[in-house]
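Participant: Below, each chain spelled out in residue letters.
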Amino acid sequence: MVAHLLSLKWRLLLNGFRRSPLQIVGMAVGALYAAGIVLACASGLVALRWADPQTAQTAVVLGGALVITGWAVVPLVASAADLTLDPSRFTTSAIPMRELLPGLALAGLLGLPGIATLLASLATVVTWSRSFVAAAGALVGALLGVLSCVVASKLVTTAVASLLASRRFKDISSIVFIVPLMLAGPMVTAVVQGVRDSRDYLPGLAEAISWTPLGAAWAIGGELDAGNAAGAAMKVLIALASLAALGGAWYLLLKRAMVTPPYTGGGSRKAGKAGLFGTFPATPAGAVAARSLSYWMRDPRYAGSLVVVPLLPVLFYFGSAQSGNQELLIAVAPLTAFLLAWSISADVSYDNTAFALHLATGVRGRDDRLGRALACLSFALPLVLLFAVGSIAVTGRWEWLPNILGCSLGALFTGLGLASVVSARWTSAVPAPGESPFKKPPGNTAQTLLVQFAGMGVMAVLLLPEIAMVVAQAATGSAVFGWIGVGAGPVLGLAFFTAGIRLGGRWLDRRGPEMFAQLSNNR
Amino acid sequence: MTPPENGGGYAGRMSAPSSGYPVPDPSPAPPVPALALRGLAKRFGEKIAVNGISLDVPAGSFYGVVGPNGAGKTTTLSMATGLLRPDYGTAFIHGVDVWARPLEAKKLMGILPDGVRLFDRLSGEQLVSYAGLLRGMDRAVVQARVQELLAALDLGKDAGTLVVDYSAGMRKKIALASALIHAPRLLVLDEPFESVDPVSASNIRGILEQYVASGGTVIVSSHVMDLVQRMCDHVAVVAAGRVLAAGTVEEVRAGASLEDRFVALVGGGTRAEGLEWLRTF
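Protein chains in written order, with my numbering: chain A, 1139 to 1661; chain B, 95 to 375.
Since the hints were made in silico from the structure, they are not lab data. Among the hints, a few may not be true.
Listing some non-contacts, in silico: residues in chain B with all C-beta distances to chain A over 10 Å [as the list claims (entries may be wrong)]:
hint : residue
1    : K200
2    : V210
3    : R215
4    : Q220
5    : D232
6    : E285
7    : S294
Here are a few chain B residues that sit away from chain A, every Cβ distance over 10 Å (derived from the structure) [said to hold, decoys possible]:
hint : residue
8    : V126
9    : N297
10   : E345
With a Cα cut of at most 25 Å, we get these calculated SDA-like pairs of lysine to any residue [to be verified]:
hint : chain 1 : residue 1 : chain 2 : residue 2
11   : A       : K1411     : A       : L1444
12   : A       : K1393     : A       : P1603
13   : A       : K1411     : B       : V258
14   : B       : K141      : A       : Q1656
15   : B       : K141      : A       : K1411
16   : A       : K1393     : A       : A1383
17   : B       : K251      : A       : T1417
18   : B       : K201      : B       : E140
Everything numeric in this text was worked out from a predicted model, so none of it was measured. Glycine is no exception: its CB is placed at the ideal position from the N, C-alpha and C atoms.
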């Protein structure tokens, strides 16, 4: 049975490739990335072979504890847990529990994260290859540790399966998850600083953690190397006991989950909330705008990018503080304008086949384009103005205000116009509705990249006048260029905006069914 | 404008409709059919999904399109409703060419496509309003009709719930409401009863029968023969991208039950031989 489950997982992986050769490319990129991390970890661990035992033990135990924590926590926040072998799918197959359990655990190892963890853990054997006993102990510890990782992850996913299945939780967790991801840079800096400041304290921490389920398995090799057989034995016991406890808890939860499928229903709500549809004008374009804006707030794929926006100034602030170059901060407004405007360049792809409603109702392409652009504009315009004035106020470089305003408004309107054309003609591979924004999307990734890069290239060309004004002011220091910029930006921007809506609308009118056919294929 | 006579421009390339096809009434001014398909054909790569389908759906009829899985029902209906561009042929809605004057044709029909997503982050009420507003309807009219539609389809108490939290049957019903909001003259429903519970199904049937009684035309695709036989007055049997028989239900079933006639026409029906072990327990 274990072999069956393993081969099933392997089949699923291979069949994924057969769907499209591009999936292989995606997998190869992922594998390369994982290989890089594994290589870095492994070479570090090999280098520790010649470090003093205490440092090695501290690094191995703390690193291992982090890895187990990661395996347990990531499925919670990313909702990207691997559900290809969802236990609930085996409910009807009457597989005995004692065979299903090890099968699922080992199958959980088969996959990039599992293989990477296993390889990195095995590198600890090299770290402790100072004597045969220590190396053997490290090998046992590594295997116990990796198993603990997988079982802990399975336990957590099973425990919160009904929570994970609820749409509301998925929505919120995938949005919230973006925040630490965005702030990873500053956070890593802070942690490195913290570690540097508390270096003396770390061995003590590692020693304490090595007595807990998180660190016991990883400490076995080090204890044996230090000649502390009793300590090693204790830690083997702790690791085995915690693995058994995790496995037992998983067993109980899985047994219960098999007979009680997750309940996903929500309460029902009465009518009477037209929401934004009551606010926007009752025209086709107004309706499209109301719908789009509702999606910006309710759909995690949109809301995710909206959450990122307030973090941009924070990132820029940290960036400019670190580089000591205050001027960097004033670039935040044009960049935000560009990012927000460009975010609707895959709008029709985000609709997925729901676009059929637009096609069926015969809404004119122009109204479709205008509505989507207006929805984005309704919050992007105030935000960009706020960022422009705010960043200037913080840096005190008021002579730059006209130029930055012109450049930001130009970027916003030009970007919206261009995005309206792009999304009317080309589909992109984006996560399907209801899926995590981090999920690897199905569809043509190569075309997506090509369209995105080409689009940004065209964007840069269209923005040349505004960019030229900024460069001219930077070079000459003359504020005149700023005043030209604040005039030229909105005028050119609005011209491109109008042209983009018109052209995109005409293309959509002509090729609506073809767009829909592409969307159906991407599904 | 009337569609060209059956098979006219495409007879050379496309198959003529088979024997069960009703001969058009030779009276001086034949009534304009609600939907007229003329030599529709579509291929996907190597596979010919629809191989020259011509069909007249009389105005005021309750028309069933039946066929086995993969017969080309959905492809045909998509081409008839302007969702999928045909390789050959075209479709006329009350005499308006769907592919030459799409905006006009789309005003006349309401469609329920099968297997497409909905804008499911809207509440049920919002989704139906959205469909109305997209068609340029007045806000007050939309509001009044949405309430009535939701009440008629028994969705009143879930009107404010997001469609993403609806059950499969409720999604069908809300999609049907979106198709009805602009009071179309023709309704094209692809598998409207799939995963709909019996109570809702009879509820939907009631609405559709009332709609036909007041002069509307309904086309439903289904593979539930019983349902089609009880509900529809006309039926077309489609298999492998062709029309095998079409006409009133009485004509097509010719005394037998529609299901037996269907199996005879489509020709599968291999007897369950070689499964002896199934009887041995």
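Participant: Give a verdict on every hint.
Facilitator: Comparing the hints with the structure gives:
1. K200: violated, 3 Å
2. V210: violated, 4 Å
3. R215: Given that some Cβ of chain A is not farther than 10 Å from that of R215 (chain B), nearest at about 4 Å, it is violated.
4. Q220: violated, 6 Å
5. D232: violated, 7 Å
6. E285: Nearest chain A Cβ is 14 Å from E285 (chain B), so the label holds.
7. S294: holds, 15 Å
8. V126: Holds, because the least Cβ-Cβ distance between V126 (chain B) and chain A comes to about 20 Å, which exceeds 10 Å.
9. N297: holds, 18 Å
10. E345: holds, 32 Å
11. A:K1411 to A:L1444: holds, 24 Å
12. A:K1393 to A:P1603: Violated, at roughly 66 Å.
13. A:K1411 to B:V258: Holds - the C-alpha atoms of V258 (chain B) and K1411 (chain A) are around 17 Å apart, at most 25 Å.
14. B:K141 to A:Q1656: holds, 18 Å
15. B:K141 to A:K1411: violated, 47 Å
16. A:K1393 to A:A1383: Distance ~15 Å between K1393 (chain A) and A1383 (chain A) Cα, so the pair holds.
17. B:K251 to A:T1417: Given pair K251 (chain B), T1417 (chain A) holds - Cα atoms ~23 Å apart, limit 25 Å.
18. B:K201 to B:E140: Roughly 34 Å between the alpha carbons, so the hint for K201 (chain B) and E140 (chain B) is violated.
In summary, the structure is inconsistent with hints 1, 2, 3, 4, 5, 12, 15 and 18 from the numbered list given earlier, while agreeing with the others.
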